[in-house]
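Asks: This is what each chain is made of:
2 protein chains.
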Amino acid sequence: MFTDKMILRIPGPTPIPPRVQQAMNQPMIGHRSGQFSELFARTEQRLRPYFGTSGEVFILAGSGTSALEMSVVNTLQPGEEAVVLVSGAFGERFAKICERYGIIVHRLEVEWGEAVTPEALSSFLADKPQVQAVFATYCETSTGVQNPIRELAHIVREKSNALFIVDAVSCLGAVACEMDAWGVDIVVTGSQKAFMLPTGLAFLAASKRAWDVIDSKKPLAFYLDLKAYRKSLADKTTPYTPAVSLIFGLVEVCNMLDEEGLPAIIKRHELMRDMTRAAMRALGIPLMASEEYAATTVTSCHPHDAFDAEQLRKVLRTKHNIVIAGGQGHLKGKIFRIGHMGFCEPLDVLQVIAAIEMSLQQIGAPVELGAGVKAAQEVLLAHV
Amino acid sequence: MFTDKMILRIPGPTPIPPRVQQAMNQPMIGHRSGQFSELFARTEQRLRPYFGTSGEVFILAGSGTSALEMSVVNTLQPGEEAVVLVSGAFGERFAKICERYGIIVHRLEVEWGEAVTPEALSSFLADKPQVQAVFATYCETSTGVQNPIRELAHIVREKSNALFIVDAVSCLGAVACEMDAWGVDIVVTGSQKAFMLPTGLAFLAASKRAWDVIDSKKPLAFYLDLKAYRKSLADKTTPYTPAVSLIFGLVEVCNMLDEEGLPAIIKRHELMRDMTRAAMRALGIPLMASEEYAATTVTSCHPHDAFDAEQLRKVLRTKHNIVIAGGQGHLKGKIFRIGHMGFCEPLDVLQVIAAIEMSLQQIGAPVELGAGVKAAQEVLLAHV
Numbered sequence: 001m002f003t004d005k006m007i008l009r010i011p012g013p014t015p016i017p018p019r020v021q022q023a024m025n026q027p028m029i030g031h032r033s034g035q036f037s038e039l040f041a042r043t044e045q046r047l048r049p050y051f052g053t054s055g056e057v058f059i060l061a062g063s064g065t066s067a068l069e070m071s072v073v074n075t076l077q078p079g080e081e082a083v084v085l086v087s088g089a090f091g092e093r094f095a096k097i098c099e100r101y102g103i104i105v106h107r108l109e110v111e112w113g114e115a116v117t118p119e120a121l122s123s124f125l126a127d128k129p130q131v132q133a134v135f136a137t138y139c140e141t142s143t144g145v146q147n148p149i150r151e152l153a154h155i156v157r158e159k160s161n162a163l164f165i166v167d168a169v170s171c172l173g174a175v176a177c178e179m180d181a182w183g184v185d186i187v188v189t190g191s192q193k194a195f196m197l198p199t200g201l202a203f204l205a206a207s208k209r210a211w212d213v214i215d216s217k218k219p220l221a222f223y224l225d226l227k228a229y230r231k232s233l234a235d236k237t238t239p240y241t242p243a244v245s246l247i248f249g250l251v252e253v254c255n256m257l258d259e260e261g262l263p264a265i266i267k268r269h270e271l272m273r274d275m276t277r278a279a280m281r282a283l284g285i286p287l288m289a290s291e292e293y294a295a296t297t298v299t300s301c302h303p304h305d306a307f308d309a310e311q312l313r314k315v316l317r318t319k320h321n322i323v324i325a326g327g328q329g330h331l332k333g334k335i336f337r338i339g340h341m342g343f344c345e346p347l348d349v350l351q352v353i354a355a356i357e358m359s360l361q362q363i364g365a366p367v368e369l370g371a372g373v374k375a376a377q378e379v380l381l382a383h384v
Numbered sequence: 001m002f003t004d005k006m007i008l009r010i011p012g013p014t015p016i017p018p019r020v021q022q023a024m025n026q027p028m029i030g031h032r033s034g035q036f037s038e039l040f041a042r043t044e045q046r047l048r049p050y051f052g053t054s055g056e057v058f059i060l061a062g063s064g065t066s067a068l069e070m071s072v073v074n075t076l077q078p079g080e081e082a083v084v085l086v087s088g089a090f091g092e093r094f095a096k097i098c099e100r101y102g103i104i105v106h107r108l109e110v111e112w113g114e115a116v117t118p119e120a121l122s123s124f125l126a127d128k129p130q131v132q133a134v135f136a137t138y139c140e141t142s143t144g145v146q147n148p149i150r151e152l153a154h155i156v157r158e159k160s161n162a163l164f165i166v167d168a169v170s171c172l173g174a175v176a177c178e179m180d181a182w183g184v185d186i187v188v189t190g191s192q193k194a195f196m197l198p199t200g201l202a203f204l205a206a207s208k209r210a211w212d213v214i215d216s217k218k219p220l221a222f223y224l225d226l227k228a229y230r231k232s233l234a235d236k237t238t239p240y241t242p243a244v245s246l247i248f249g250l251v252e253v254c255n256m257l258d259e260e261g262l263p264a265i266i267k268r269h270e271l272m273r274d275m276t277r278a279a280m281r282a283l284g285i286p287l288m289a290s291e292e293y294a295a296t297t298v299t300s301c302h303p304h305d306a307f308d309a310e311q312l313r314k315v316l317r318t319k320h321n322i323v324i325a326g327g328q329g330h331l332k333g334k335i336f337r338i339g340h341m342g343f344c345e346p347l348d349v350l351q352v353i354a355a356i357e358m359s360l361q362q363i364g365a366p367v368e369l370g371a372g373v374k375a376a377q378e379v380l381l382a383h384v
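First to last, the protein sequences are chains A and B.
In terms of the UniProt record's numbering, the first sequence has 168 at position 168, counting the first letter as 1, and numbering is strictly consecutive.
In terms of the UniProt record's numbering, the second sequence has 189 at position 189, counting the first letter as 1, and numbering is strictly consecutive.
Because the hints were derived from the structure by calculation, they are not lab data.
Among these hints, one or two may not hold up.
Claimed, not checked - Quick look at which bits of chain B chain A covers, simulated, 3 or more residues with Cβ under 8 Å:
no. : stretch
1   : 46-57
2   : 129-140
3   : 187-199
4   : 345-353
As the list claims (entries may be wrong) - Derived lysine-lysine pairs resembling DSS-like cross-links, with alpha carbons at most 25 Å apart:
no. : chain 1 : residue 1 : chain 2 : residue 2
5   : B       : K236      : A       : K332
6   : B       : K314      : A       : K332
7   : A       : K374      : A       : K332
8   : B       : K217      : A       : K236
9   : A       : K267      : A       : K231
10  : B       : K374      : A       : K96
11  : B       : K236      : B       : K319
12  : B       : K96       : B       : K5
13  : B       : K236      : B       : K5
14  : A       : K236      : B       : K227
15  : B       : K96       : A       : K227
16  : A       : K374      : A       : K319
Glycine included, C-beta positions come from ideal geometry on N, C-alpha and C.
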């Protein structure tokens with residue numbers, strides 16, 4: 001096997017498109033140069049449609065978690081109250097960040113694999129008038145569930161004065177996001193998912209209402225102080241050293257996203273989700289997320305006692321050079337997750353399904369070779 | 001002029017060596033894979049000699065400032081006292097970070113262009129027994145001054161029980177640093193200086209004594225919580241998503257550093273400093289730093305009324321494709337700074353000097369063409 005052909009089908013990082021790789025090879029430039037400032041300011045503006053906002057998108061050298069923390073430390077103070085929707089590992093991370101800062105957290109927890117429904121949020125908020133912010137996860141990467149952000153935003157707007165803050169790390173750029181129209185106040189994402197870049201950048205956009213709150217509060221941190229980023233962005237730059245080579249790549253990512261167009265990108269991801277789910281059903285492998293709330297970027301499968309998920313992943317990796325993800329938290333070792341996001345096309349999905357079928361046979365699990373591929377082909381043919 | 005041949009002679013980012021660029025082009029891998037873990041753990045260990053420590057070096061997705069903040073939020077609590085040595089813009093940044101967290105800051109300030117002497121620190125510490133940490137800047141990038149860290153560490157060890165925390169962003173990898181032997185407790189640096197990588201990574205190493213303090217305190221932040229990094233490093237990984245492509249590059253940087261060897265790297269930088277200073281003296285351009293405390297990675301020049309530093313920079317950039325840095329803070333527009341660090345050799349120094357001479361003539365400043373180059377050549381010839 002070519003070691004250079006290791007195929008990443010995990011929910012981030014995505015493989016890097018060659019033209020993005022090429023863009024990152026441009027010679028280094030000074031991050032305080034006019035050349036960089038022009039590039040940076042133009043690129044920031046090109047990101048806004050993917051967030052669905054007319055406001056600024058702030059670009060941070062850091063992981064997605066750094067931007068999650070940024071959304072907390074600029075909007076809340078110790079002793080204030082927040083509701084955190086916890087439907088998996090990343091909802092739990094939001095709760096932990098809040099708690100680190102002495103914020104009183106009300107967890108709205110659902111079983112891993114389920115979504116938080118608008119009804120559940122509505123009744124949860126009813127007796128909590130003090131809540132200053134509601135945190136939600138758009139795509140819960142650990143379970144493959146996509147929470148109904150638009151509807152949840154509607155509830156928050158209707159039932160409270162809280163800010164609605166959304167972790168969209170593992171889906172933004174692949175899903176609809178109209179933060180201005182829906183009434184979402186902060187959206188956070190990372191570079192290595194649907195944005196098809198290496199890991200190392202995070203993004204955050206904030207609404208006018210969020211800024212009113214931010215302006216009224218003392219930031220609880222320094223590197224993550226949003227007001228410093230806004231002040232610098234007005235001068236087309238960043239307060240601290242930006243990750244220049246990744247921003248070179250981001251320019252080319254914007255070109256690719258704009259060429260395909262967000263509606264087509266969303267459809268491509270829906271198609272890949274439908275193909276993957278059809279295949280898993282045909283192979284008799286239970287899906288974690290329901291039809292209604294299945295993520296378009298990652299599919300989680302729970303084989304229960306039918307076979308060992310870790311054994312499947314190992315054979316896929318060692319015999320077929322394909323990497324899929326395992327479980328997180330209490331699902332570690334029990335489930336497998338197929339990433340189908342970013343630089344990934346329907347034919348790539350057929351490939352990973354075919355490899356899963358062979359691997360199942362190789363680990364001695366009952367499998368009808370070709371059955372999953374056929375089901376996915378039928379979905380694909382109905383769309384093209 | 002080839003736009004791809006723009007020559008960076010600023011105090012970071014440094015140009016990227018082709019073999020490092022090449023290494024960053026490897027296909028993306030999962031950051032939770034065994035393959036990445038092995039690579040990461042090996043590379044972390046290879047960094048230790050450049051810090052002069054037998055302890056772990058933590059690698060952070062973020063700018064140098066994020067690691068400066070990391071050194072604060074893990075070692076101090078609001079209301080505790082710190083001494084910050086301020087000899088320029090980056091010392092001032094340390095003070096501001098501390099103040100953001102409600103730490104009582106005692107600034108030991110010296111004129112920009114001067115170093116903090118051991119004597120000054122000794123008397124400053126004398127009446128401050130409560131001080132829990134002393135913060136210093138190894139190379140103050142904004143003035144080209146290298147503070148005498150070894151001697152300052154000796155004073156801190158002798159006169160107080162405080163931790164000694166050092167910002168070595170713009171020099172580590174190019175200067176002697178024996179944190180264990182000298183009694184330095186935390187050393188912080190960034191990727192885009194002597195480590196010859198793009199911007200986007202930061203590094204931090206901590207002493208046993210620092211860890212005793214860190215273990216006794218509640219971290220004031222989440223993404224920058226050092227205990228989380230230590231726990232993950234024991235499992236050969238990071239608590240949050242690492243910047244994988246930059247770490248691919250870092251492996252090759254370690255190869256380059258190890259091949260040349262730290263003693264030779266230090267000598268190369270000293271030589272480039274000496275060449276640059278000899279040239280500026282020959283051209284009659286005043287140097288900001290004294291002989292004793294001149295940085296080996298950046299040289300700051302203050303033309304006073306002889307010519308306009310900004311005009312010189314502009315002609316260098318537009319007519320000769322070479323970028324040098326201007327001043328920061330109250331020196332903005334008044335000085336120019338030549339970076340000679342990382343992927344930079346003595347012949348590169350001759351080139352920038354020759355271009356400065358021509359630019360001086362082009363802006364109508366008095367200059368003897370070749371005089372600076374000759375002085376630098378003589379320094380170089382005496383060394384080879």
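Asks: Give a verdict on every hint.
Replies: Against the structure, the hints come out as follows:
1. 46-57: Violated, because only 0 residues of the stretch 46-57 of chain B bring their Cβ atoms closer than 8 Å to Cβ atoms of chain A.
2. 129-140: Not satisfied, violated; 0 residues make the cut.
3. 187-199: Held - the stretch 187-199 of chain B has 4 residues with a Cβ nearer than 8 Å to chain A, which meets the minimum of three.
4. 345-353: Coverage by chain A is violated for the stretch 345-353 of chain B (0 residues, Cβ < 8 Å).
5. K236(B) to K332(A): Given pair K236(B), K332(A) holds - Cα atoms ~18 Å apart, limit 25 Å.
6. K314(B) to K332(A): violated, 57 Å
7. K374(A) to K332(A): violated, 30 Å
8. K217(B) to K236(A): violated, 38 Å
9. K267(A) to K231(A): violated, 37 Å
10. K374(B) to K96(A): violated, 62 Å
11. K236(B) to K319(B): violated, 49 Å
12. K96(B) to K5(B): Since the Cα atoms of K96(B) and K5(B) sit roughly 38 Å apart, the hinted pair is violated (cutoff 25 Å).
13. K236(B) to K5(B): violated, 39 Å
14. K236(A) to K227(B): violated, 35 Å
15. K96(B) to K227(A): Roughly 15 Å separates the two Cα atoms, so the pair holds.
16. K374(A) to K319(A): With Cα atoms ~22 Å apart, K374(A) and K319(A) stay inside 25 Å; holds.
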